[in-house]
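A.B. asks: Chain residues, written in single-letter form:
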Amino acid sequence: MADAVLGPETSTRSGAGIARAIAVRALHNPPGRRWWIAFAAASGLLALFFGVILVLLFTGVGIWNNNNAVVWALDIASYDWWIGIACGSVVVAGTLRLTDAPWRGAISRIAEANALLCTLAAGLYPIIHLGRPWFFYWNLPYPNTLGLWPQFRSPLVWDAVDIVSFLVVTVSLWYLGLLPDLATLRDRAYAEAEIKSRRAGRPRRWPRLKAQAYGIAAAGWRGSASHWQLWGQAYRIVALLGLLLVVALQTGASVMFAGSVLPGWHDTILPVTELVNAVFSGVAVIAALAVLIRAVYGLDDLITERHVERLARLLLGLGLASLYCHGAEFLSGFLHGDAFERATLVRRLTGAQAWAFWTVLTCALLPVHLFWWARFRRSGPTLALVGGLVAIGAYADHVMVLVVTLSHDFLPSSALAYRVGLWGVATFAGSVGLFLVLLLLVLRALPVISIADLRAAAPAEPRAPAGPVPADRPVGAETPLWGVSAEFDTEADMARAMRALARPHPHHGTTVRLDAFGPVPMPDALDGLARRNRSILPYALGASLAGGAAFYGMCVYATAYGYVFDVGGRPRFSWPSFVVPSLSFGVMCGTLAVHAVFLFVNRLPRLNHPAFNIPEFGRASQDRYFLAAEARSTDFDAARIERRLVSLPEGGGRPLAIRRVPR
Amino acid sequence: MAQLFAPGADALLRLAVLSGAALLAGGAVVVAGIARSDYVTGVGIAPAQPVPFSHKHHAGELGIDCRYCHTTVETQASAGLPPTQTCMTCHSQIWTGSDMLKPVRDSFSSGEPLRWTRLNKLPQYVYYNHAVHVTKGIGCSTCHGDVTTMQMTFRANAFEMRFCLDCHRAPDRYVRPPDQVWNMNWSPPADQATRGPELVAKNHIHGGDRLTECGICHR
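Residue numbers (the numbering used here), protein chains in the order written: chain A, 14 to 676; chain B, 974 to 1192.
Since the hints were derived computationally from the structure, they do not count as laboratory data.
One or more of the hints may lead you astray.
[Stated by the list, open to error] What follows is a list of derived Cβ distance ranges for each label pair:
(1) A/R583 to B/A1001: 24 to 34 Å
(2) A/P584 to B/R1146: 24 to 34 Å
(3) B/V1003 to A/F613: 39 to 49 Å
(4) A/T158 to B/P1162: 22 to 32 Å
(5) B/C1187 to A/D113: 32 to 42 Å
[What the hints assert, rightly or not] Heads up, incomplete: computed chain B residues facing chain A, CB under 7 Å, no partners named:
(6) Q976
(7) R1091
(8) M1123
[Unchecked claim] Covered stretches of chain A (in silico footprint by chain B; criterion: 3 or more residues with CB under 8 Å from a CB of chain B, positions within the stretch not fixed):
(9) 66 to 75
(10) 570 to 580
(11) 609 to 620
All C-beta atoms, glycine included, are put in the ideal place defined by N, C-alpha and C.
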């Protein structure tokens, strides 16, 4: 399978080997001169960002030229652009996760990190584009001395809820994917710290602290079969919730447009257009990033020609969908739109902001057609170039949709001049700086490719030569015993041993508790543990529904009873306007519940655990499988379990080593 | 493999997480508490004035009507701060040699008004009109408290927006008959539930809908 997945170059490299290479890169790759140059440049842009925000706080949003009816220009275009890319990345990451695509390993981490970083870059915009940003919390429902509720019929409130939910979901997706990798890094860093200490002849503090930092981030992940089981469920549920949120967010954005009376924002295809364009820009940025990371890190054997080709095909398909959406908008506008809508469409082509339309056409819609040719589909540089162009085109698209409509509505007198100003561009450049600084830090300290996914997709290491089971290192008689552990080099062997142990102990829960630890999900072992049927789905579903219903109830109470307020003659019970924020809030509650249940059921975080006393246990996050029989009562008979394990036949579950583990 | 973390690490981690959560929640409570505290709102704090004027003595014990000094309260947006001449109507005759009243006499002779420290301040973006409130049956003490008990005058209410809205949403709970407007000890009678709506109808007060429009106060 590895052939199909990773290309011919890697068939000689084992999964563990690749994983080791990635982990070593995250731990040791010294920040070279190129990294520092890039980091300095990005930090300069970040400083610009804070400088601009400072000026903005003193002067006001007028510095963006937003001081006429063009109240949304580069600020909201930038926000929509970042969120669009983040949405596209969540769609890619979520779809890869849900379909369990075997080639996802090389792409999913980039997509997840990109989703998070773009959300962070977008995150400040909704706050700083307010007239008085220091009162941003007025958007949130909190007990206040004003006697007011937020106006839940306003998209401003939806934005506040959406961005918080989206941040929770992207952090969650990224962190869940990272969790087993963090454990791998912890174990490697710890092993290296031990070696360094031994060499130096004294305990080395910094290497150990580094390992502990990864250890705290890994929340005590031990790779137990039940960790993996719930991890897989949590990951899939969050991916699903993320997809749901993306649809709600992007269609919600077009609902916000449609909530106005302005021309050009009412076509019924707009929700689809927004969604398609978001995914289009997201895939484009992921493609460009993947090619760049491949070039910088020399990952040609991981991000292969096949990945490049798939991304190119995806871009072509999305480009066609985007072309269809744009075309349909023009067609229906000219076919049955009113005069104002037609005028808006004409102004897109010929007005003061016509550059935006032509940028969309030349950067986003046309270049993807290179990918009709196989030669270009397989070319990394072409993919990166087209990805970058599509991102530029997507930005122009947001500017076009916002500014052309706002700069002229129904009256001749309301034709307003707007010109892209230096401050708006500087703000955007600054947010790019924020993105790049975070990206460089993430690339520096964390694995760029998902080690867990690669390991699951790549072949196992060649079997260690079988021999007699090594003698146990005796545990002092006075040391209390935690249990007995056995080490294996394949999951199948471990599962066999587990079944053998479980059989003579039908009620093993009372005296013996079995657990399995390994570097990949272990469905076979779960059977032996009789824990296959556990599910966190009901909790996620319950929390999502309860959270969404509670938020909806709050909106209804606030708008219809608590704070009755006539906004443009809208009814007290304006039910459709409460759907978007309620959905977002429900998704956030579901995501948080998934994490809470995942941690609680697995009794994590647990930094110090007897399982870590198993000799060589660090390899459980790399290439070995451990079976642990934990003593639950004084009837525990370690010798009997050892005898049973030793008696297992070669290939039928005989362990590589059996050890008694102190508490 | 030995343990990377000492056995106490989990206790420390839990302590840190719980402390962080407690700090966050506690911080929010503290901030909300400070924002509502008298220290910030100034309620109950009597600042020093150029002359230690006592509402308790003049309005309470002597029974001088509010309108004797605050002359425009029934006709204008501002209730009016009395000029020094108003003080001198009496104090040119009584307590003429009092040291306490020396600033008043100085002000009268120099023509320089007394600089009182203002207690009841509304932001510039709030439009408030005394006349309409008083003539429609909202008494002085509803906002200013029972000044006849205040030796030195202090702010009786925080004048946060919620304070205004409570009445604008349900004026029938606060409206009084005309003769009770100047009563500093008024409290809603037992039959306010029936009399309130009658007064509201009689005075054409549009509570609830009209009175909660933004533009009523923020013009």
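A.B. asks: Hint by hint, note whether the structure agrees.
C.D. replies: Taking the hints in turn, this is what the structure says about them:
For the hinted restraint 24 to 34 Å between A/R583 and B/A1001, the CB-CB distance of approximately 32 Å keeps it satisfied. The beta-carbon spacing between A/P584 and B/R1146, approximately 27 Å, falls within the hinted interval of 24 to 34 Å. A C-beta distance of roughly 29 Å is found between B/V1003 and A/F613, which places it outside the suggested range of 39 to 49 Å. Remark: the range hint 22 to 32 Å for A/T158 to B/P1162 is upheld by a beta-carbon distance near 29 Å.
The hint said 32 to 42 Å for the Cβ distance between B/C1187 and A/D113, and at roughly 54 Å that hint is violated. Evaluation of the B/Q976 hint against chain A yields a held restraint, the C-beta minimum of about 5 Å falling below 7 Å. Evaluation of the B/R1091 hint against chain A yields a violated restraint, the C-beta minimum of about 21 Å exceeding 7 Å. Taking 7 Å as the C-beta contact cut-off toward chain A, the hint placing B/M1123 at the interface is violated, the least distance being around 24 Å.
Counting residues of the segment 66 to 75 of chain A whose beta carbon lies closer than 8 Å to any beta carbon of chain B gives 0, which falls below the threshold of three, so the coverage claim is violated. Check on the segment 570 to 580 of chain A: 3 of its residues sit with their Cβ under 8 Å from a Cβ of chain B, so the three-residue criterion for coverage holds. Under the rule that three or more residues need a Cβ within less than 8 Å of chain B, the assignment of the segment 609 to 620 of chain A holds, with 3 such residues.
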